[in-house]
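Peer 1: Top line first, the protein sequences correspond to chains A and B. Residue numbering for the first sequence follows numbering that gives the first Met the number 0, beginning at 0 and increasing consecutively. Residue numbering for the second sequence follows numbering that gives the first Met the number 0, beginning at 0 and increasing consecutively.
Hint data in this document are derived by calculation from the structure and do not stem from the laboratory. Where a beta carbon is used, it is the ideal one built from N, C-alpha and C, also for glycine. The reader is advised that the hints may include incorrect statements.
To be clear about the criterion: a stretch of chain B counts as covered by chain A if any three or more of its residues have a C-beta under 8 Å from a C-beta of chain A, and this derived list gives those stretches [stated by the list, open to error]:
#1 32-44
#2 111-125
#3 140-152
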Amino acid sequence: MLIKKPSDIKSSEITDKKLYLNRRQFMAAAGAIAAETALPGLFAPPSPAYAGEKLPGVQKSPLSTAEPANSFKDITTYNNYYEFGTDKYSPAVNAKSLKPRPWTVAVEGEIKKPKLYDIDELTKLSSLEERIYRLRCIEGWSMVIPWVGFPLSALVKRVEPTAKAKYVELTTLADPKQMSGLRSSVLDWPYLEGLRIDEAAHPLTLLGVGLYGEVLPNQNGAPIRLVVPWKYGFKSIKSIVRIRFVEQQPVNTWMKSAPHEYGFYSNVNPRVDHPRWSQARERRIGEFFKRETLMFNGYADQVAQLYAGMDLRKYF
Amino acid sequence: MMNFELKIAKALVFAACFIPLGLLVRDGYTGNLGANPIEVVTRSTGTWTLIFLLITLTVTPLRKLSGWNGLIKFRRMLGLFAFFYVCLHFTTYIWLDQFFDFAAIVKDVAKRPFITVGFASFVLLIPLAVTSTGGMVRRLGKRWQQLHRLIYLVAIGGVVHYWWLVKADLRLPLIYGAILAALLGYRLFRAWAPQLWVGVRPQAPAAIPGNGFGK
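Let's have the full structure, built from the sequences with the hints guiding it.
Peer 2: Right under this line is the structure:
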């Protein structure tokens with residue numbers, strides 16, 4: 000006979016997870032204060048690591064747009080992140096299984112100072128800034144997103160690229176245990192992207208770690224992602240585990256998937272259509288009417304000189 | 000003469016065919032269509048057009064395999080619902096996607112193969128909807144059946160339209176394509192391999208009393 004044994008602990012007596020975590024934070028903070036008192040300056044407070052935690056000391060940036068930003072809900076529920084499913088509503092649900100800590104980023108290749116960075120060390124290379132950027136997806140929709148991050152150029156300078164470093168190749172995590180979308184072979188995993196080194200060092204190019212002043216949600220590419228606002232969204236690779244400096248132009252994942260449709264540069268350009276649809280206009284999420292797409296997504300003044308003399312129809 | 004049960008069944012099927020639209024309207028009204036509602040409406044009406052085309056094409060094989068001839072009485076309604084949903088789909092496109100910019104629409108239809116195919120399929124469906132009345136069936140006689148074979152082309156066009164618009168994930172278009180291939184394959188098999196059906200099917204299809212819809 001099966002006798003159901005009552006639980007020893009009433010549910011009302013179980014400490015709420017939030018309080019429990021707060022207690023951990025309190026203990027860590029108390030420890031840090033104690034250590035700080037004994038050895039001033041040695042211990043920094045623990046870095047915020049999980050989505051929803053506020054990022055401290057975020058500076059405003061003159062590079063931000065004054066356009067109204069999309070809502071946190073729109074930005075975090077409408078995502079292209081094929082590692083968590085191919086429709087735009089899946090990543091918000093499926094990305095819960097991604098573990099953004101502990102996390103390392105291997106920085107390697109044609110550089111003098113290769114290093115396996117811990118994520119918390121990497122994010123301290125430069126002070127964090129809020130950058131409100133337009134994002135234009137190759138599918139024909141756009142958003143305005145208040146990212147938090149630091150310029151990729153800070154890392155480029157730090158690692159001292161050699162003369163051979165012509166391109167930067169970035170790779171997303173590919174762990175089937177954390178990423179349910181890897182079970183299907185819609186793309187050639189791991190997801191890979193690349194920039195020319197001058198694009199990587201451009202002041203607009205950001206390594207994003209946050210959104211709306213908080214730690215980046217998983218579906219938006221936690222713990223660290225690229226943000227290149229003048230290129231179609233797929234160039235802004237998410238959840239980066241490797242940054243490699245190389246001599247040859249990398250073959251990015253979408254280019255590998257359909258080379259006549261997705262190029263290496265993929266600069267936003269209303270005059271060069273995707274072979275299957277027009278890029279002349281876009282639907283800004285939240286707006287009813289479509290708007291004209293701007294050259295380089297409205298960043299032509301800052302980036303057009305990078306492509307001076309290039310045939311942008313050929314190098315699409 | 001329609002009997003009472005058939006009337007009830009038709010009313011139920013009719014109401015059920017509005018469920019996809021009803022859910023869409025409800026989600027729109029309660030703000031549950033996500034960040035890009037117009038995209039959801041476009042996708043959903045397109046998907047339901049394809050589904051109704053495939054259901055319509057399932058009627059004949061199902062009737063022949065099951066021997067349940069009453070199914071034929073639902074075919075016209077199902078086909079007209081495919082037309083209903085494609086009209087919503089097309090309206091979404093010319094209104095909410097192109098905002099009646101007819102120059103842009105003409106360019107789009109001419110330049111983008113997936114829109115060309117989708118538009119052609121929509122246009123081909125119009126004469127079928129127009130000639131779906133009992134009077135038209137009688138008036139056109141044998142030609143009615145020939146005309147309505149266009150549905151095969153329309154369905155192929157619909158699947159190709161879907162196939163050509165997805166970026167990389169071909170799984171859903173493949174499923175629709177496989178179902179359509181099975182439904183059309185069944186018809187080819189019956190038309191071209193009658194010898195294999197000796198004893199199952201007479202050489203000439205028997206007329207079904209009480210309907211003029213042919214096969």
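Peer 1: Hints first: check each against the structure and report whether it holds.
Peer 2: Results of checking the hints against the structure:
{"no.": "1", "hint": "32-44", "result": "holds (count 5)"}
{"no.": "2", "hint": "111-125", "result": "holds (count 3)"}
{"no.": "3", "hint": "140-152", "result": "violated (count 0)"}
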